[in-house]
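Number of protein chains: 2
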Amino acid sequence: MKNNYSVGVDLGGTKIKIGLVNSSGRIINKISIDTFAKEGPDKVVSQIKKGIHTLLDTNKKTIQGIGIGSPGTVSLKKGTVENPPNLPGWDRVHLGRIITKEFGLPTFVENDANAAAIGELIYGAGKTLNSFLMVTLGTGVGGGIIYNKKLFRGENGGAGEIGHITIDHHGPKCKCGSRGCLETYLGNNYLTKNVIEQLKKNKSSLIYDMLNGDLKKLNPRIIHEASLEGDKFAIGVINNVGTTLGHGMASIVNVFDISTVVIGGGVAGFGKPLFAAVKKSIQARVLTPLRPRIKVRQAKLKNNAGIKGASSLVLYD
Amino acid sequence: MKNNYSVGVDLGGTKIKIGLVNSSGRIINKISIDTFAKEGPDKVVSQIKKGIHTLLDTNKKTIQGIGIGSPGTVSLKKGTVENPPNLPGWDRVHLGRIITKEFGLPTFVENDANAAAIGELIYGAGKTLNSFLMVTLGTGVGGGIIYNKKLFRGENGGAGEIGHITIDHHGPKCKCGSRGCLETYLGNNYLTKNVIEQLKKNKSSLIYDMLNGDLKKLNPRIIHEASLEGDKFAIGVINNVGTTLGHGMASIVNVFDISTVVIGGGVAGFGKPLFAAVKKSIQARVLTPLRPRIKVRQAKLKNNAGIKGASSLVLYD
Numbered sequence: 004m005k006n007n008y009s010v011g012v013d014l015g016g017t018k019i020k021i022g023l024v025n026s027s028g029r030i031i032n033k034i035s036i037d038t039f040a041k042e043g044p045d046k047v048v049s050q051i052k053k054g055i056h057t058l059l060d061t062n063k064k065t066i067q068g069i070g071i072g073s074p075g076t077v078s079l080k081k082g083t084v085e086n087p088p089n090l091p092g093w094d095r096v097h098l099g100r101i102i103t104k105e106f107g108l109p110t111f112v113e114n115d116a117n118a119a120a121i122g123e124l125i126y127g128a129g130k131t132l133n134s135f136l137m138v139t140l141g142t143g144v145g146g147g148i149i150y151n152k153k154l155f156r157g158e159n160g161g162a163g164e165i166g167h168i169t170i171d172h173h174g175p176k177c178k179c180g181s182r183g184c185l186e187t188y189l190g191n192n193y194l195t196k197n198v199i200e201q202l203k204k205n206k207s208s209l210i211y212d213m214l215n216g217d218l219k220k221l222n223p224r225i226i227h228e229a230s231l232e233g234d235k236f237a238i239g240v241i242n243n244v245g246t247t248l249g250h251g252m253a254s255i256v257n258v259f260d261i262s263t264v265v266i267g268g269g270v271a272g273f274g275k276p277l278f279a280a281v282k283k284s285i286q287a288r289v290l291t292p293l294r295p296r297i298k299v300r301q302a303k304l305k306n307n308a309g310i311k312g313a314s315s316l317v318l319y320d
Numbered sequence: 004m005k006n007n008y009s010v011g012v013d014l015g016g017t018k019i020k021i022g023l024v025n026s027s028g029r030i031i032n033k034i035s036i037d038t039f040a041k042e043g044p045d046k047v048v049s050q051i052k053k054g055i056h057t058l059l060d061t062n063k064k065t066i067q068g069i070g071i072g073s074p075g076t077v078s079l080k081k082g083t084v085e086n087p088p089n090l091p092g093w094d095r096v097h098l099g100r101i102i103t104k105e106f107g108l109p110t111f112v113e114n115d116a117n118a119a120a121i122g123e124l125i126y127g128a129g130k131t132l133n134s135f136l137m138v139t140l141g142t143g144v145g146g147g148i149i150y151n152k153k154l155f156r157g158e159n160g161g162a163g164e165i166g167h168i169t170i171d172h173h174g175p176k177c178k179c180g181s182r183g184c185l186e187t188y189l190g191n192n193y194l195t196k197n198v199i200e201q202l203k204k205n206k207s208s209l210i211y212d213m214l215n216g217d218l219k220k221l222n223p224r225i226i227h228e229a230s231l232e233g234d235k236f237a238i239g240v241i242n243n244v245g246t247t248l249g250h251g252m253a254s255i256v257n258v259f260d261i262s263t264v265v266i267g268g269g270v271a272g273f274g275k276p277l278f279a280a281v282k283k284s285i286q287a288r289v290l291t292p293l294r295p296r297i298k299v300r301q302a303k304l305k306n307n308a309g310i311k312g313a314s315s316l317v318l319y320d
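So the sequences go chain by chain: A and B. The first sequence begins at 4 in my numbering and counts up one residue at a time. The second sequence begins at 4 in my numbering and counts up one residue at a time.
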């Protein structure tokens, strides 16, 4: 197994990141190229091919297979990608078949949030777990569900949309069309906007000094650092995020009876105080028998989680 | 198969209902006896035995097995029931083993809400479905999830607690300890109380006449009948219930990617207008690709659904 390598392709709206990954999830080499999404699926597919060729030409390794994490709904059997957001013109693309044909290698395509969950299962925080709820706090709030060591895909591979559970049915409008989705509170754009607004009323916060007043530079790690210095405002922000996430996750824990939550993505940069707040919030809300079983863990795949998650598809069956 | 019979035991806090059921889910004979829950598990178990003996003595049929639908958390492997609400003193009872020993028949124990979902799968609205979300609107709001023809049990058999997903995290306190659970809006007690309060302000509603002013006699069927007569108040109540249920179900549909909802229990007596309102509400909230796929169906197991669901456990594997 030690000499087995796989290729992971993280297909994004702006960049395609491609990495050569060993069987323990370490990236040996990687490249990043433009997606050219606006030029349509043919161009994007040719960029993917070009990128993989470049990577393989410079690394003469025996490759076990190629994994692709893609936005949108993915049919596992057919290897097709349907209507991915940020990739215009993709009505339905047989991405798996095209890449298999080009490289003569088994190719596995999966939704990127699902690939992230499989990545944690194969290489990361889920290695020793049978079942967990993976939530990724980034620009949006994504998710993937592992049940008995398998990805729970639902009827059409769309399961795990944790960002679109409602915590307040009369809450703020979400871009999905619903109201009060977890994403409207915790998606990076909303969250940063909210925190900046509150910061303006809390000018004594350490965060002001740390940013030299340039609030645009705000990010979760700075809030975490300020909280470690005892900054009350920063501690409050982290507690709020954790409590809110917990309110949503409690519903999910109740319906799935899966009691471990793995948190990844940029907002996970809030660190331990976040995980503690999430745990406390879930425990306060979930049905009594579940309370002692609740565990909250940080995702282990941090940088390049997209590449690693995609490459893990090759090792997953 | 036609000559195969099974016994279904619906273990409730007040009554134990036991039926002899044929392989298409028809009850051939049934009895109802007191649970004597307050006298503890030994007494309850002896009541179950007594009831089954009585039923079998009067019906000389070849029995394939015994199914028991029980409140509380059930371990399928061990056939144990843990801390069922309304059954005091049941720390952990090996119900399956005890009944198998007594009758020399395979015995299957399952949580009652899960048994109801399996009942629909084997005999009812789910016969032709691969996957569905079953929700039972009764005193509480229960649920069970069928995925690829199998019950989704979660880590400890507790999955499917649809009544305890939050639709408003700052909403009314639920007896489970959380806030804004679906059950706090739709459980029969809360619902009836709310509707009676509103009725007092809407004395022109037909419902007043239909009840001869005795609001205590209010039930879902009367509200349904009034709505069929065009009573605006009744139509409003049904729409509200359907819309609220839809707000909760949309979250569940998003995370499970299961797009068929089967509704049973007393409140399902609201009939077609309820199912239409639920469907409309889910479609307005769920992620775009799921919208055209949403189906809402009425449960087929109505009277004695508890007995039928329990007996179906024998046919399910």
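Any given hint could turn out to be false.
It does not matter which identical chain is used: a pair holds within one copy or between any two.
[Unchecked claim] Listed next, the in silico DSSO-like pairs over lysine-lysine satisfying Cα-Cα at most 30 Å (straight line):
1. Lys298 - Lys81
2. Lys298 - Lys80
3. Lys282 - Lys235
4. Lys204 - Lys64
5. Lys303 - Lys18
6. Lys80 - Lys130
Source of the hints: derived by calculation from the structure; they are not laboratory data.
Alpha-carbon proximity context of Lys303 and Lys18, limit 30 Å: Answer is within: at 23 Å inside a copy they meet the 30 Å cutoff, but 51 Å across does not.
Status of Lys81 relative to Lys298 across identical chains (alpha carbons, at most 30 Å): between (36 Å within a copy, 25 Å between copies)
Within, between, both or neither: Lys298, Lys80 at alpha-carbon 30 Å: Result: close only across copies, 24 Å inter versus 33 Å intra.
Intra- versus inter-subunit Cα pairing at 30 Å for Lys204 with Lys64: For Lys204 and Lys64, neither the intra-copy (56 Å) nor the inter-copy (78 Å) Cα distance is at most 30 Å.
Within, between, both or neither, where Lys80 and Lys130 count as close if Cα-Cα is 30 Å or less: both (25 Å within a copy, 25 Å between copies)
Lys282 and Lys235: within-copy, between-copy, both or neither at 30 Å Cα: Close inside one copy (20 Å), not across copies (45 Å); limit 30 Å.
The structure fails hint 4 only (numbered hints given earlier).
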